[in-house]
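Protein chains: 2
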Amino acid sequence: MIHAVYDINNCKRVVQASPAQIMAAMRETCRLLGNTARSELIETFQPHGVTCVLVLAESHIVVTTWPEFGLAHVDVFTCRSDSDPDGAVRPILELLGGTVALAGRVNRLALPTPAAV
Amino acid sequence: MIHAVYDINNCKRVVQASPAQIMAAMRETCRLLGNTARSELIETFQPHGVTCVLVLAESHIVVTTWPEFGLAHVDVFTCRSDSDPDGAVRPILELLGGTVALAGRVNRLALPTPAAV
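Chains as they are written, first to last, in this note's numbering: chain A, 192 to 308; chain B, 192 to 308.
Just so you know, not all the hints are guaranteed correct.
One copy or two, either will do: identical chains are not told apart, so a pair holds if it fits within one copy or between any two.
[To be verified] Under the rule of at most 20 Å between Cα atoms (straight-line distance), these lysine to any residue pairs were calculated in the SDA-like manner: (1) 203 <-> 228; (2) 203 <-> 229; (3) 203 <-> 225; (4) 203 <-> 238; (5) 203 <-> 193; (6) 203 <-> 300; (7) 203 <-> 289; (8) 203 <-> 301; (9) 203 <-> 222; (10) 203 <-> 302; (11) 203 <-> 288; (12) 203 <-> 294.
I should point out that these hints are in silico values taken from the structure, not numbers from a laboratory.
Required output: the full structure, derived from the provided sequences and hints.
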């Protein structure tokens, strides 16, 4: 399992980015991961801000924006341990602008490998 | 921000738990957090397994089950730093059974406090 998190501040373009644009960037992240998109959910907030969820066959990608603070939280969680989340997340980062202020990998319980089952 | 993760193995009841039951437990977790549920997404997999997403006004809760391995990954992510995720997650843990094999808090970029803005 890979669970990569990217928290972005000073997001210059977060207010302009539409939920549809964010979801499109997330689909591109999915493609770059070599993962399979299964379903989508967009929840918008007033006066602004959005949570976009892309459920993958491999787990999920979530982007939550807080335009009032110029912040965004990004989770890229995949059971494909051969994926490259740092490369795949770039379309999201480029759309939102800003600086990755905090990035990390979350230690998650791995799925057993076939040999270990 | 609090981003708590709970990875569960030896889930005795994960095969029996329906997606609707899992989502009901997640709604109860939301209530115990003192958070507000905004939208839901359930994605089921064949022959089994489900990803349930509950988008909150405060961020999100995600449960992904891997019944073939007796595993589940649970994320409880909220901008309410006065929430108690360890208490609030209990309905989900009780539904799925099993043992929390890995629990932790993910370091996320905080929202500025009003005084800091």
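Structure-based check of all given hints:
1. 203 <-> 228: neither (28 Å within a copy, 29 Å between copies)
2. 203 <-> 229: Answer is neither: 30 Å inside a copy and 27 Å across each miss the 20 Å cutoff.
3. 203 <-> 225: Neither, since 29 Å and 32 Å both go past 20 Å.
4. 203 <-> 238: Classified as within; 17 Å inside a copy, 44 Å across copies.
5. 203 <-> 193: For residue 203 and residue 193, neither the intra-copy (28 Å) nor the inter-copy (25 Å) Cα distance is at most 20 Å.
6. 203 <-> 300: between (35 Å within a copy, 17 Å between copies)
7. 203 <-> 289: within (6 Å within a copy, 44 Å between copies)
8. 203 <-> 301: For residue 203 and residue 301, only the inter-copy Cα distance (18 Å) is at most 20 Å; the intra-copy one is 36 Å.
9. 203 <-> 222: Intra 25 Å, inter 34 Å, cutoff 20 Å: neither.
10. 203 <-> 302: So residue 203 and residue 302 pass the 20 Å test across copies only (16 Å; inside, 38 Å).
11. 203 <-> 288: The answer is within: 5 Å in one copy meets 20 Å, while 45 Å across copies does not.
12. 203 <-> 294: Within one copy only: 18 Å inside, 34 Å across.
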